[in-house]
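Which chain is which? The protein sequence lines are W and S, in order. Position one of the first sequence corresponds to residue 1 (this note's numbering), numbered consecutively onward. Position one of the second sequence corresponds to residue 1 (this note's numbering), numbered consecutively onward.
Treat the hints with care, since some could be wrong.
[Claimed, not checked] Below, computed lysine to any residue pairings styled on SDA-like, alpha-carbon distance capped at 25 Å:
id: 1; chain 1: S; residue 1: Lys348; chain 2: W; residue 2: Glu211
id: 2; chain 1: S; residue 1: Lys348; chain 2: W; residue 2: Glu209
id: 3; chain 1: S; residue 1: Lys167; chain 2: S; residue 2: Met288
id: 4; chain 1: W; residue 1: Lys50; chain 2: W; residue 2: Gly113
id: 5; chain 1: W; residue 1: Lys117; chain 2: S; residue 2: Arg231
id: 6; chain 1: W; residue 1: Lys60; chain 2: S; residue 2: Glu338
id: 7; chain 1: W; residue 1: Lys70; chain 2: S; residue 2: Lys26
id: 8; chain 1: S; residue 1: Lys350; chain 2: S; residue 2: Gly367
id: 9; chain 1: S; residue 1: Lys26; chain 2: S; residue 2: Arg220
id: 10; chain 1: S; residue 1: Lys350; chain 2: W; residue 2: Val206
id: 11; chain 1: S; residue 1: Lys318; chain 2: S; residue 2: Val298
id: 12; chain 1: S; residue 1: Lys348; chain 2: W; residue 2: Lys70
id: 13; chain 1: S; residue 1: Lys318; chain 2: W; residue 2: Arg205
id: 14; chain 1: S; residue 1: Lys352; chain 2: W; residue 2: Pro114
id: 15; chain 1: W; residue 1: Lys117; chain 2: S; residue 2: Glu386
id: 16; chain 1: S; residue 1: Lys348; chain 2: W; residue 2: Phe74
id: 17; chain 1: S; residue 1: Lys236; chain 2: W; residue 2: Arg78
id: 18; chain 1: S; residue 1: Lys191; chain 2: S; residue 2: Arg253
id: 19; chain 1: W; residue 1: Lys117; chain 2: S; residue 2: Gln327
id: 20; chain 1: W; residue 1: Lys70; chain 2: S; residue 2: Arg220
id: 21; chain 1: W; residue 1: Lys117; chain 2: S; residue 2: Glu353
id: 22; chain 1: S; residue 1: Lys191; chain 2: S; residue 2: Asn230
id: 23; chain 1: S; residue 1: Lys352; chain 2: W; residue 2: Pro96
id: 24; chain 1: W; residue 1: Lys70; chain 2: S; residue 2: Asn230
id: 25; chain 1: S; residue 1: Lys352; chain 2: W; residue 2: Lys29
id: 26; chain 1: W; residue 1: Lys117; chain 2: S; residue 2: Ile326
id: 27; chain 1: S; residue 1: Lys350; chain 2: W; residue 2: Glu209
id: 28; chain 1: S; residue 1: Lys320; chain 2: S; residue 2: Val175
id: 29; chain 1: S; residue 1: Lys318; chain 2: W; residue 2: Val206
id: 30; chain 1: W; residue 1: Lys29; chain 2: W; residue 2: Gly105
id: 31; chain 1: W; residue 1: Lys117; chain 2: S; residue 2: Pro358
id: 32; chain 1: S; residue 1: Lys153; chain 2: S; residue 2: Lys280
Honestly, the hints are just simulated from the structure, not real lab data.
Spelled out from the first residue to the last, the chains are:
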Amino acid sequence: MTMLVAGIDTGQQSVKAVLLEDSEMVAHKAYETETDSDTAARDTLEDLLKEVGADRNRVKRIAATGLGRKEVSFAGIRKTQETCVARGAYFLLGRPCTALDAGAGGCRAVKIGPQGKVLEFSSNSKCASGTGSFLKAACEVLQIDLDRLDDLAGRAEDIAKVSTTCAVFAESAIISNVHYGYTLESICAGVCDSVASRLMDALNRVGIEEELFFCGGVAKSKTIKRMLERLTGRPVLVPSDSLLTAALGAALSAV
Amino acid sequence: MASVFQDWMENRHEKVKSWKAENGRKAYGYLCCMTPEEILYAGGILPVKVTGSGAQPLEIVDKHVVHYACPYVRSMLDAAGRGDYDYLDGIVVCNSCDIMSRCEYYWRILSPHQKPTVLGVELSPYVLYIKSPEKISGPGVHEYLLGEFRIFKQHIERETRESITDKKLSQAIEVYNEHYDWMQRMHALRKDKSLKIPGSEAFMVEFTALQMPKDVHNRRMASFIKEVENREPLSKGVRVFLSGGAVDQFTARIYSVIEEAGGNVVAEDIGVGASYFGHKIDTSIPPMDAIVNHRLDVHCPHTMTSDYHPRERLDYIKKKLEGADIQGAIFFVPMYCECRNLEYPFLKEKFKEELGIPSLYLESDYGQGSLDEAVSKVEAFIEMLEA
C-alpha cells in the first residue's frame with residue numbers, strides 16, 4: 001500500500017486540501033472556512049481521506065500553508081504561500097514562470113526558477129486592494145455575486161475607474177460612479193480594473209520574464225485575466241482549479 | 001553578562017535618571033549619530049540616544065506633525081510631548097533628513113524647557129542644532145563641520161561652566177576608541193563562520209552603548225566578549241544583512257522575527273552606534289579635527305561624497321560586508337523615509353548584480369502591525385534562501 005502525503009492551504013476564506021500518491025494528485029477539496037483554521041483543516045482532510053477510502057495512518061506527512069498555517073496543529077511541515085505557490089505552479093507548468101497568486105486576504109507575485117525555486121517575490125501589505133476581499137466588498141455594495149460581477153465586467157464597453165487604491169474608500173468611489181450614471185457593466189469593469197492594476201504593481205516589482213501563471217480565488221475572474229493579458233501583453237495561464245495551487249505546492253513539500 | 005545590557009535596554013529612562021542622581025551630572029539626548037558624543041563626554045555630560053516609544057496612538061504629535069512624516073520621528077516627538085524625556089538637560093538635533101532637521105523647532109514647542117539666562121539671554125539653549133553637511137568630502141567640508149562642532153563645544157562649555165580642553169577631549173577619544181574597538185571585535189565575531197552571537201543580542205549590546213556611559217559599557221564589553229568567545233556556535237541559520245532606519249528598542253523585534261524564521265543578522269547598516277563607524281578616531285591630529293574627520297566618514301543614506309550617490313553608499317556597504325558571507329539582504333525601511341527609499345531600488349539591483357544576493361523590502365510604520373506583517377514575508381524570504 002503506497003503512502004499518501006497531504007497539503008493544506010488555510011486561507012482567509014477557504015481551506016484547500018490536496019492528497020498526493022506517488023506525486024500524483026488523487027483527491028482535492030476546497031471548503032469555505034466556517035470554523036478556526038485547525039478544525040477546518042482537520043475536517044477537510046478527513047473528508048478527503050473518506051473520499052479515497054483511506055485513514056490517517058496512510059498519510060505519511062502533512063504540510064500546511066496559507067494565512068492559518070501555524071494554527072494547523074497536526075501539520076508536520078509548514079511553508080509559506082510563496083514557496084508553495086512556486087512549487088505548485090512549477091509542478092503544473094513544468095517550467096520557470098512568474099506566478100501571481102491572489103486570494104481572499106492577500107496577493108503575491110513570485111518569480112519562479114528551475115525546480116520551482118523562488119527567485120523573488122512581492123506580497124501586498126496590509127491592504128485589501130488586489131485581493132478577493134476587495135471584490136467581495138464591491139459585490140456587497142452592488143448587491144450582486146462574484147460570478148455576475150465578472151460576467152457584467154466582461155460585457156462592459158468602457159471602464160468606470162475606481163479613483164482610489166484603498167478598498168475602504170473604493171466603496172464610496174463605486175457608489176459615486178453609480179451616481180455619475182455609469183452602467184453597471186462599466187462599474188463592474190472598474191472594480192476588476194482596480195484589482196488588475198494592483199496586481200500589476202506586485203508583478204512589476206518582481207518583473208515578468210517568463211510565462212505568467214495566475215492562481216488563487218481571484219484568478220477565477222475571466223475579466224481580470226483578460227485585463228492582465230492586455231496590461232502585460234502576454235497570455236496568462238490559469239489552472240483548471242485555480243484555488244489549489246498552494247495546497248498542491250504544500251503537498252509537494254511533504255513528498 | 002547580557003542581562004546588564006538587557007536591563008539598560010528595557011529600563012533606559014530609569015537607568016539614566018539613576019545615573020544622573022548618583023553622579024550629580026547632566027544627560028543630553030541626541031537624535032542622530034552625527035552628534036559629536038565625544039564633546040559631550042569630555043564635558044562630563046552623558047550622551048543618550050533618543051528613540052521612539054512604540055506607544056500608540058500618538059496623541060500629542062498629531063497636532064503638530066503631519067501623518068505622512070517619518071513615523072519614527074513622530075514617535076520620538078510624541079514621547080517628548082508626553083514628557084518621557086523631561087529628565088534630559090538638553091537635546092542635540094542634526095539635519096539627518098528633512099523631518100529630523102525640523103525637530104529643533106518641534107522639540108522646543110512640544111517639550112519647552114527654561115534654561116539659565118544672563119540679561120535675558122540663554123547661555124545655552126535647551127535644543128542645540130548642528131547643521132552637518134550633506135556632502136561629506138571635498139574642499140571646505142572639514143572646515144565647515146569644524147566650525148559647527150566648535151560652536152557646539154562652546155554651548156556645552158557654557159552649560160557646564162567648564163572649559164573642554166584638548167586634554168579632556170583626548171581622554172574622551174580614548175574611551176570612545178576603546179568602544180569602537182570593542183564593537184569592531186564584536187562585528188568580527190559576527191562575521192565568523194561559526195556564529196556565536198545572535199543578531200538580537202548584538203543589537204542589544206550596541207544599542208545600550210548609546211544609553212550607558214561609554215566607560216561603563218567598555219568594562220562590560222571586556223567580560224562579554226570573553227564569555228562569547230567561549231560559547232558553543234549557534235545552530236546554523238541563514239546569514240542575513242539588515243539595512244534600515246528607526247531600529248531601536250521597540251523595532252528591534254525585527255531581529256527576533258528573522259531569527260524565529262531561521263535567519264541570523266550577521267551584519268547591518270541601521271543607523272545606530274558603532275554600526276556606522278568602521279574605524280577609530282585619529283589620535284595623531286588635534287582632537288576636534290579628529291572628531292570631525294571621524295563623523296565625516298559616516299556614509300549614511302542622507303550624505304553624499306564627491307562620488308555619485310548612491311554608488312558610494314553601495315561601495316561603503318560592500319566594504320562593511322567583506323567576510324560576512326551573507327546570503328540575503330533585508331531592507332527594513334520606515335514609511336516616508338526618502339533617504340532610504342531613494343537608494344533602495346539601486347542597492348537592490350546592485351546587490352543582485354554585483355554580490356548575487358537577493359533582497360527583501362519591508363516597510364515599517366513603526367508600529368506593531370508592520371512588525372507582525374513582516375513575519376510572513378521574512379519567513380518566505382528565508383525559505384527562498386534555504387531552498
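Original post:
Checking against the hints above, which ones are violated?
Top reply: 4, 5, 6, 7, 8, 12, 16, 20, 24, 25
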